[in-house]
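K.L.:
Sequence:
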Amino acid sequence: MFINKNKTLKDKNHSKQQWYIIDAKNKNLGRLSSKISHKLRGKDNPRYLPYEEKKINIIVINSKHIEITGNKRKQKLYIRHSGRPGGLKVKSFNKVQNDTPNKIIKQAVKGMLSKNSLGNKLLNKLKIYSDAKHPHNAQKPMLLDIN
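Residue numbers (our numbering): 11 to 157.
Treat the hints with caution; some may be incorrect.
Unchecked claim - Think about it this way: if two alpha-carbon atoms lie no more than 25 angstroms apart in a straight line, the pair counts; the simulated SDA-like pairs of lysine to any residue are: (1) Lys65 with Trp29; (2) Lys120 with Ile66; (3) Lys35 with Ile78; (4) Lys150 with Glu63; (5) Lys120 with Leu154; (6) Lys65 with Ile78; (7) Lys143 with Lys125; (8) Lys86 with Gln107; (9) Lys84 with Asp109; (10) Lys135 with Glu62; (11) Lys116 with Asn16; (12) Lys135 with Gly97; (13) Lys64 with Gln107; (14) Lys116 with Leu39; (15) Lys45 with Asn157; (16) Lys65 with Asn108; (17) Lys135 with Met152; (18) Lys82 with Glu62; (19) Lys101 with Ser127; (20) Lys82 with Gln28; (21) Lys137 with Asp109; (22) Lys137 with Glu62; (23) Lys35 with Glu62; (24) Lys35 with His91; (25) Lys35 with Lys74; (26) Lys35 with Asn72; (27) Lys135 with Gln28; (28) Lys125 with Lys35; (29) Lys113 with Asn134; (30) Lys35 with Gln117; (31) Lys116 with Leu87; (32) Lys74 with Glu63; (33) Lys84 with Gly97; (34) Lys45 with Lys74; (35) Lys116 with Asn126; (36) Lys26 with Gln149.
Hint data in this document are derived by calculation from the structure and do not stem from the laboratory. Predicted model, so just to flag it, every value in this text is computed and none were measured.
Hey, can you work out the whole structure from these sequences and the hints?
P.N.:
Below, the structure written as C-alpha coordinates:
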(Lines of atoms letter the chains of each structure in order from A and count residues from 1; the text may use other names and numbers.)
(Lines give C-alpha, C1' and ligand atoms only; values in the text may rest on other atoms or scores of the structure.)
Protein backbone atom coordinates (compact mmCIF):
# COMPACT_ATOMS: atom_id res chain seq x y z
CA MET A 1 0.00 0.00 0.00
CA PHE A 2 1.33 3.43 -0.96
CA ILE A 3 0.99 6.31 1.49
CA ASN A 4 1.63 9.84 0.26
CA LYS A 5 3.88 11.55 2.81
CA ASN A 6 4.33 14.80 0.92
CA LYS A 7 3.71 17.84 3.07
CA THR A 8 1.51 20.59 1.67
CA LEU A 9 3.15 23.99 2.00
CA LYS A 10 1.30 27.00 3.32
CA ASP A 11 0.15 29.53 0.76
CA LYS A 12 1.38 33.02 1.62
CA ASN A 13 -1.54 34.68 -0.22
CA HIS A 14 -4.16 33.26 2.16
CA SER A 15 -2.63 34.81 5.28
CA LYS A 16 -5.38 37.43 5.69
CA GLN A 17 -7.89 37.01 8.51
CA GLN A 18 -11.40 36.18 7.36
CA TRP A 19 -14.39 37.30 9.43
CA TYR A 20 -17.86 35.79 9.07
CA ILE A 21 -21.10 36.75 10.79
CA ILE A 22 -23.95 34.31 11.45
CA ASP A 23 -27.45 35.26 12.57
CA ALA A 24 -28.66 32.56 14.99
CA LYS A 25 -32.25 33.79 15.11
CA ASN A 26 -34.67 30.82 14.78
CA LYS A 27 -31.81 28.43 13.91
CA ASN A 28 -31.52 24.89 15.25
CA LEU A 29 -28.78 24.60 17.90
CA GLY A 30 -27.21 21.35 16.67
CA ARG A 31 -27.18 22.22 13.00
CA LEU A 32 -25.84 25.70 13.66
CA SER A 33 -23.04 24.52 15.95
CA SER A 34 -21.95 21.77 13.55
CA LYS A 35 -21.71 24.31 10.69
CA ILE A 36 -19.72 26.67 12.94
CA SER A 37 -17.26 23.97 14.01
CA HIS A 38 -16.88 22.81 10.39
CA LYS A 39 -16.09 26.37 9.28
CA LEU A 40 -13.70 27.03 12.19
CA ARG A 41 -11.68 23.90 11.37
CA GLY A 42 -11.45 25.05 7.74
CA LYS A 43 -12.81 21.80 6.36
CA ASP A 44 -14.52 23.60 3.50
CA ASN A 45 -11.12 24.79 2.26
CA PRO A 46 -9.40 22.65 -0.41
CA ARG A 47 -6.10 23.20 1.42
CA TYR A 48 -7.41 21.67 4.66
CA LEU A 49 -4.82 20.22 7.01
CA PRO A 50 -6.00 18.73 10.32
CA TYR A 51 -3.13 20.24 12.33
CA GLU A 52 -3.28 23.74 10.84
CA GLU A 53 -5.06 26.66 12.44
CA LYS A 54 -7.01 28.61 9.82
CA LYS A 55 -7.34 32.40 10.03
CA ILE A 56 -11.12 32.34 10.30
CA ASN A 57 -13.12 34.23 12.92
CA ILE A 58 -16.85 33.75 13.36
CA ILE A 59 -19.29 36.17 14.98
CA VAL A 60 -22.66 34.79 16.09
CA ILE A 61 -25.44 37.29 16.81
CA ASN A 62 -28.94 36.85 18.29
CA SER A 63 -27.92 33.84 20.38
CA LYS A 64 -30.87 34.38 22.73
CA HIS A 65 -33.24 33.41 19.87
CA ILE A 66 -31.76 29.94 19.27
CA GLU A 67 -34.23 27.08 18.74
CA ILE A 68 -34.17 23.42 19.72
CA THR A 69 -36.50 20.60 18.74
CA GLY A 70 -38.80 18.43 20.80
CA ASN A 71 -39.20 18.78 24.56
CA LYS A 72 -35.55 19.67 25.08
CA ARG A 73 -36.50 23.18 26.17
CA LYS A 74 -37.77 21.68 29.44
CA GLN A 75 -35.84 18.40 29.57
CA LYS A 76 -32.28 19.34 28.54
CA LEU A 77 -30.09 19.94 31.58
CA TYR A 78 -26.75 21.70 31.91
CA ILE A 79 -24.83 20.10 34.77
CA ARG A 80 -21.62 21.33 36.38
CA HIS A 81 -19.84 20.60 39.63
CA SER A 82 -17.63 22.86 41.71
CA GLY A 83 -15.59 19.96 43.09
CA ARG A 84 -16.74 20.64 46.64
CA PRO A 85 -19.17 18.45 48.59
CA GLY A 86 -22.72 19.38 47.59
CA GLY A 87 -21.43 21.47 44.69
CA LEU A 88 -23.62 20.00 41.94
CA LYS A 89 -25.34 22.72 39.91
CA VAL A 90 -28.16 21.80 37.52
CA LYS A 91 -29.93 24.24 35.18
CA SER A 92 -32.53 23.63 32.50
CA PHE A 93 -32.15 24.91 28.93
CA ASN A 94 -34.80 27.58 29.57
CA LYS A 95 -32.95 28.94 32.61
CA VAL A 96 -29.58 29.02 30.83
CA GLN A 97 -31.11 30.70 27.78
CA ASN A 98 -32.60 33.44 29.95
CA ASP A 99 -29.43 33.95 32.04
CA THR A 100 -26.49 33.39 29.67
CA PRO A 101 -27.57 32.48 26.12
CA ASN A 102 -23.99 32.71 24.80
CA LYS A 103 -22.88 29.68 26.83
CA ILE A 104 -25.35 27.40 25.04
CA ILE A 105 -23.75 27.84 21.62
CA LYS A 106 -20.22 27.95 23.04
CA GLN A 107 -20.66 24.65 24.87
CA ALA A 108 -22.25 22.99 21.83
CA VAL A 109 -19.40 24.08 19.52
CA LYS A 110 -16.77 23.16 22.11
CA GLY A 111 -18.11 19.61 22.18
CA MET A 112 -17.66 19.37 18.39
CA LEU A 113 -14.05 20.60 18.29
CA SER A 114 -10.98 18.52 19.11
CA LYS A 115 -10.05 18.23 22.77
CA ASN A 116 -6.52 19.67 22.58
CA SER A 117 -4.71 22.99 22.30
CA LEU A 118 -5.85 23.47 18.68
CA GLY A 119 -9.50 23.12 19.75
CA ASN A 120 -8.95 25.75 22.45
CA LYS A 121 -7.40 28.17 19.93
CA LEU A 122 -10.28 27.66 17.52
CA LEU A 123 -12.86 28.23 20.26
CA ASN A 124 -11.23 31.58 21.05
CA LYS A 125 -11.94 32.65 17.45
CA LEU A 126 -15.68 32.29 18.05
CA LYS A 127 -17.40 35.48 19.24
CA ILE A 128 -21.00 35.13 20.45
CA TYR A 129 -23.42 37.97 21.22
CA SER A 130 -26.96 37.69 22.57
CA ASP A 131 -28.40 40.47 20.38
CA ALA A 132 -27.63 42.04 16.99
CA LYS A 133 -25.02 44.51 18.31
CA HIS A 134 -21.35 43.56 18.09
CA PRO A 135 -18.07 45.53 18.21
CA HIS A 136 -16.51 43.92 15.10
CA ASN A 137 -17.80 46.22 12.34
CA ALA A 138 -14.24 47.40 11.57
CA GLN A 139 -13.32 43.86 10.42
CA LYS A 140 -16.06 43.98 7.74
CA PRO A 141 -17.47 40.49 8.37
CA MET A 142 -19.16 38.66 5.51
CA LEU A 143 -22.65 37.28 6.12
CA LEU A 144 -22.59 33.48 6.22
CA ASP A 145 -26.02 32.03 5.47
CA ILE A 146 -26.78 28.79 7.32
CA ASN A 147 -29.98 27.01 6.31
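K.L.:
For each hint, tell me whether it holds in the structure or not.
P.N.:
Okay, the hints, checked on the actual structure:
1. Lys65 with Trp29: Cα-Cα ~9 angstroms, so holds.
2. Lys120 with Ile66: holds (16 angstroms)
3. Lys35 with Ile78: Holds, at roughly 12 angstroms.
4. Lys150 with Glu63: holds (21 angstroms)
5. Lys120 with Leu154: holds (20 angstroms)
6. Lys65 with Ile78: Violated, at roughly 30 angstroms.
7. Lys143 with Lys125: Measuring from Cα to Cα gives roughly 31 angstroms; hence the hint is violated.
8. Lys86 with Gln107: holds (11 angstroms)
9. Lys84 with Asp109: At roughly 15 angstroms apart (the allowed maximum being 25 angstroms), Asp109 and Lys84 satisfy the hint.
10. Lys135 with Glu62: Holds: Lys135 and Glu62 sit about 14 angstroms apart, inside 25 angstroms.
11. Lys116 with Asn16: Measuring from Cα to Cα gives roughly 36 angstroms; hence the hint is violated.
12. Lys135 with Gly97: This hinted pair is violated, its Cα atoms lying about 31 angstroms apart.
13. Lys64 with Gln107: violated (30 angstroms)
14. Lys116 with Leu39: It holds: about 11 angstroms lies between the C-alpha atoms, which stays within 25 angstroms.
15. Lys45 with Asn157: It holds: about 10 angstroms lies between the C-alpha atoms, which stays within 25 angstroms.
16. Lys65 with Asn108: violated (32 angstroms)
17. Lys135 with Met152: holds (15 angstroms)
18. Lys82 with Glu62: violated (35 angstroms)
19. Lys101 with Ser127: violated (28 angstroms)
20. Lys82 with Gln28: violated (34 angstroms)
21. Lys137 with Asp109: holds (18 angstroms)
22. Lys137 with Glu62: Holds, at about 20 angstroms.
23. Lys35 with Glu62: violated (31 angstroms)
24. Lys35 with His91: Roughly 30 angstroms between the alpha carbons, so the hint for Lys35 and His91 is violated.
25. Lys35 with Lys74: Roughly 8 angstroms separates the two Cα atoms, so the pair holds.
26. Lys35 with Asn72: holds (6 angstroms)
27. Lys135 with Gln28: holds (11 angstroms)
28. Lys125 with Lys35: Given that 25 angstroms is the threshold and the Cα spacing comes to 28 angstroms, the pair is violated.
29. Lys113 with Asn134: holds (13 angstroms)
30. Lys35 with Gln117: holds (18 angstroms)
31. Lys116 with Leu87: Answer holds: Lys116 to Leu87 is near 15 angstroms, not above 25 angstroms.
32. Lys74 with Glu63: Status violated; Cα separation ~29 angstroms.
33. Lys84 with Gly97: Given that 25 angstroms is the threshold and the Cα spacing comes to 22 angstroms, the pair holds.
34. Lys45 with Lys74: holds (18 angstroms)
35. Lys116 with Asn126: With a Cα-Cα distance of about 16 angstroms, the restraint between Lys116 and Asn126 holds, given a limit of 25 angstroms.
36. Lys26 with Gln149: holds (11 angstroms)
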